[in-house]
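Taking the hints into account, I'd like the entire structure generated from these sequences.
Protein chains: 2
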Amino acid sequence: MDPPAKIMVPDWVWEFHGHTCPFMPIGYRMGIVALRELGVDRIGDHGAFGFSEMGVGHPQTCMMDGFMAATGCTYGKLMMERLNYGKVACILFVPKKGAIRLYLKSEFQDRLGKEEFFTYRKKGIEPSQIPAEVTRKVVDLVLDTSEGELFKQEMLPEFTFNRPRGSFSKMKCSRCGEYVFERYVRMVEGRPECIPCAEYTQTWVNVLKGMQ
Amino acid sequence: MDPPAKIMVPDWVWEFHGHTCPFMPIGYRMGIVALRELGVDRIGDHGAFGFSEMGVGHPQTCMMDGFMAATGCTYGKLMMERLNYGKVACILFVPKKGAIRLYLKSEFQDRLGKEEFFTYRKKGIEPSQIPAEVTRKVVDLVLDTSEGELFKQEMLPEFTFNRPRGSFSKMKCSRCGEYVFERYVRMVEGRPECIPCAEYTQTWVNVLKGMQ
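Protein sequences appear in the order of chains H and G.
Under my numbering, the first sequence has 104 at position 99, and the numbering climbs by one with no breaks.
Under my numbering, the second sequence has 156 at position 151, and the numbering climbs by one with no breaks.
Please keep in mind that the hints were generated in silico from the structure rather than gathered at the bench.
Given the structure is predicted, the values throughout are model-derived calculations rather than measurements.
Because identical chains share one entry, a pair is satisfied inside a single copy or across any pair of copies.
Straight-line C-alpha distance at most 30 Å; calculated DSSO-like pairs for lysine-lysine:
(1) 127 / 102
(2) 11 / 157
(3) 177 / 110
(4) 127 / 177
(5) 157 / 127
(6) 157 / 102
(7) 101 / 157
(8) 119 / 157
(9) 127 / 101
(10) 142 / 177
(11) 128 / 102
(12) 128 / 177
(13) 119 / 11
(14) 101 / 128
(15) 177 / 157
Written out as structure tokens, the structure is:
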């Protein structure tokens with residue numbers, strides 16, 4: 006078995022994430038392994054993609070913040086997406102280098118689940134309100150456990166993904182006057198409008214009340 | 006007009022983002038304004054939501070990284086989503102406090118678009134490869150311009166949003182044996198399977214080749 010190695014998560018990653026918890030460093034470690042196995046450095050610009058198999062309506066998604074920070078595949082640069090499979094797994098895809106998937110081993114998930122930290126979380130207590138020694142213990146468990154015990158890893162030789170071609174072209178909505186990138190301009194009785202003005206919003210998101 | 010005020014973006018935010026560009030600090034400034042106007046501090050745990058009106062297939066999405074960093078509404082904590090309207094705008098929603106929308110004024114978008122930085126970007130040159138003095142000039146423009154010149158802001162009194170109720174319950178996929186949060190378990194001939202094993206993946210994403 007590979008020897009345990011104390012992994013450091015830089016202070017700025019904790020700062021970004023906002024609280025101390027075990028799943029952010031799990032994602033950070035996944036990212037470090039993925040970069041190494043694909044033979045690339047952290048990505049400063051674009052050209053690689055991270056996928057989280059996490060979804061919504063369950064815990065442990067903090068993994069994604071660690072993975073973004075380690076790999077440089079940030080949500081803002083459109084380099085991170087959720088696949089919504091409800092699994093504690095991440096994929097890193099670097100075109101011409103390949104794709105790797107890391108899954109947090111079920112045995113480690115079982116072991117982690119026994120930690121007192123999760124007794125608090127299941128009561129709805131936020132990480133920043135959990136006693137520091139309880140949090141420290143579970144974070145140390147994550148940082149001190151060997152890669153081999155943490156992750157099942159597999160290369161995905163046929164994996165592929167592309168973003169649509171980008172364009173700087175934009176125009177003004179004929180109703181509200183705001184700029185809209187062309188891809189998202191919609192037509193209403195012959196006039197170009199933005200999606201909210203056109204009332205072409207997704208029905209799943211009821212966030213538009215009050216936006217007019 | 007409000008006086009220009011030199012806004013500092015902390016070093017760790019640049020570190021997270023990975024390169025120097027003007028839209029990350031625009032998002033950061035949007036986040037700072039949103040927090041102040043709603044009367045809340047940066048959110049370390051959960052309980053607030055950021056929405057970007059950005060989509061895909063266009064530039065300037067880096068705004069989202071700055072907004073996440075400033076507000077603490079990170080993608081990993083499920084506190085940030087795209088609305089895909091193709092607009093340079095962000096919304097911060099804090100239940101019981103309200104929601105605020107900030108749009109980067111069209112006049113400022115026009116002014117920014119004349120910067121040499123975008124001549125490089127339109128040629129497909131990555132931010133890290135653009136001469137530092139060109140990048141510095143456009144970033145300084147963003148940091149030195151007053152809030153009033155940058156943003157149109159509006160409160161959204163009826164705005165509402167909720168995540169589905171969370172659950173820690175999970176079970177193992179009967180095919181691959183990996184853990185799946187219950188919400189994402191699917192049935193295949195009476196057996197519980199994960200979405201990839203069930204081949205119930207979204208057809209828009211062709212990323213699954215090679216995952217079996």
